[in-house]
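Trainee: These protein sequence lines map, in sequence, to chains A and B.
When we follow the working numbering, the leftmost residue of the first sequence carries the number 1, and every step to the right adds one.
When we follow the working numbering, the leftmost residue of the second sequence carries the number 1, and every step to the right adds one.
These are computed hints drawn from the structure, not numbers from a lab.
Any given hint might turn out to be false.
[Claimed, not checked] Facing chain B, from chain A, some residues (calculated, C-beta under 10 Å):
(1) F55
(2) E106
(3) Q189
(4) W193
Glycine included, C-beta positions come from ideal geometry on N, C-alpha and C.
Number of protein chains: 2
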Amino acid sequence: MKIALIQQKYYGSKSKTIKVTTKKIKEASKSGAKLVVLQELHQNEYFPQRQSVEFFDYANSYQEDKKYWSLVAKKYNIVLVTSLFEKRTEGLYHNSAVVFDSDGSEAGKYRKMHIPDDPGFNEKFYFTEGDLGFEPIDTSIGKLGVLICWDQWYPEASRIMALRGAEILIYPTAIGWFDEDSQEEKYRQLDSWITIQRSHAIANGLPVISCNRVGLEIDKKSVIDGIRFWGNSFVCDGQGAILAKSNDIDENILIVDIDMEFTKAQRDIWPFLRDRRIESYSDIMKRYCD
Amino acid sequence: MKIALIQQKYYGSKSKTIKVTTKKIKEASKSGAKLVVLQELHQNEYFPQRQSVEFFDYANSYQEDKKYWSLVAKKYNIVLVTSLFEKRTEGLYHNSAVVFDSDGSEAGKYRKMHIPDDPGFNEKFYFTEGDLGFEPIDTSIGKLGVLICWDQWYPEASRIMALRGAEILIYPTAIGWFDEDSQEEKYRQLDSWITIQRSHAIANGLPVISCNRVGLEIDKKSVIDGIRFWGNSFVCDGQGAILAKSNDIDENILIVDIDMEFTKAQRDIWPFLRDRRIESYSDIMKRYCD
């Protein structure tokens with residue numbers, strides 16, 4: 001199955017940005033992609049760089065946004081994973097991935113469960129923790145285990161998606177470097193990020209798609225100078241082997257052929273699900289065992 | 001803190017093998033190592049290549065084995081992680097890591113929780129699943145999260161060790177290649193193995209030590225020709241960065257300086273433990289959600 005990851009920059013406005021995204025989706029579809037994955041919060045700049053109530057207005061268009069991407073999915077006959085700012089009611093917002101099937105119908109929605117909050121990533125100010133759990137989204141091309149960014153650091157999330165029948169793990173994400181860090185530190189961060197996601201593939205015998213933003217986004221009002229989103233969107237197979245990867249500078253449409261039969265072969269010979277000691281895992285439900 | 005991993009071959013008999021191991025422990029101690037980690041079932045050949053009741057006799061010496069390694073730990077003033085075949089009663093055996101403190105006392109024991117069983121690794125024939133859970137072992141140099149081999153594929157195991165206060169994760173292991181596999185496949189397997197263990201470091205902000213066997217062990221009576229244990233014993237820090245690694249051919253005493261303060265610094269800025277959604281993890285306790 002051909003899939004596409006669209007790694008792109010923010011173009012200074014929502015309208016300019018979604019115009020570019022839509023053009024790239026068209027290209028991806030022409031190349032035969034059946035699934036297109038967009039990066040986290042792909043319509044706007046990464047506004048959680050700082051806390052400001054003005055940004056909540058971005059969520060006002062949530063219903064219209066869904067209509068727009070639904071039409072795009074239908075027009076280009078693709079399953080589309082979007083990442084939108086969901087307004088639920090006044091003062092209650094989510095960081096949500098909405099998946100549209102190739103007929104334009106809304107196949108399902110995942111609300112980001114793990115919310116980060118650290119310098120330059122003030123997400124707890126904007127996003128309420130998801131309350132839909134880790135439920136794969138059923139589509140015409142398979143069950144998609146859609147998670148978002150910070151979720152990628154949690155093996156619990158990917159494991160539950162696998163146990164609930166996900167056939168592929170998908171991470172729209174927005175992560176980058178601060179220019180003040182050394183090259184070595186930047187490399188270590190990137191390597192950690194790739195490694196932890198590949199580990200979810202390995203532990204569960206599932207392919208992983210991770211689609212990241214690219215480009216420098218400066219926010220003079222933030223406590224940091226800006227984030228240089230490190231791209232490196234990638235796809236690996238259920239053994240964790242990297243099938244394709246973008247670089248850290250350029251926009252890219254990464255088109256990859258995924259073998260959806262690989263999971264059975266891999267799990268049959270590396271049967272990690274067989275040997276789980278479920279009766280001994282209750283401490284996972286604790287904050288800390290003190 | 002200086003630590004040492006002893007990656008070695010099997011020398012054709014237990015007596016020859018432990019003589020070499022003891023000599024290497026002496027060397028490690030002279031180099032200033034405070035902790036020495038041995039590979040899985042380091043006293044014998046990797047007998048689970050095939051099923052044969054004769055091998056159960058190896059466990060008869062469990063009490064003597066413990067006395068021996070206790071004296072070694074005391075003599076060289078090191079904390080020693082051994083991997084022994086434990087006889088509990090007739091027909092009931094465990095694959096156990098016994099940890100001795102530098103005064104020779106038995107600091108604690110971990111019984112392998114996840115037991116593999118696939119061609120060349122018939123461990124379910126020999127070893128009963130551990131019943132001591134995932135409990136770090138308290139020693140004079142810190143709380144050691146000792147796990148064994150197959151456990152390394154389970155993020156649940158390392159997470160619980162971390163939640164129970166482990167300050168370092170330690171994997172004695174015995175894993176290798178079959179000569180009939182292609183170089184590419186061998187490389188992918190090795191890379192998966194390194195990646196999943198580094199991911200436990202990253203997810204939990206803890207250093208990881210993995211000590212593997214090396215050398216070809218032929219067993220003509222097995223369904224396979226033999227296992228070429230792939231070495232590659234390594235240590236990574238709590239960001240998953242590899243600090244040192246052995247190769248896939250040679251015996252080696254890998255001496256590494258570990259910064260035990262790193263965990264706090266790493267967890268404070270990448271606070272994964274802070275954001276766990278413990279109320280949403282109950283599916284982890286299920287075999288499968290069908």
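Trainee: Could you run down the list of hints and mark each one as holding or not?
Mentor: Against the structure, the hints come out as follows:
With a cut of 10 Å, the hint placing F55/A at the interface with chain B is violated, because the nearest CB-to-CB distance is about 21 Å. Taken as an interface hint, E106/A does not check out: its beta carbon lies about 23 Å from the nearest beta carbon of chain B, beyond 10 Å. The beta carbon of Q189/A comes within 8 Å of a beta carbon in chain B, closer than 10 Å, and the hint placing it at the interface holds. The beta carbon of W193/A comes within 9 Å of a beta carbon in chain B, closer than 10 Å, and the hint placing it at the interface holds.
Checked against the numbered hints given earlier, this structure breaks hints 1 and 2; the rest are met.
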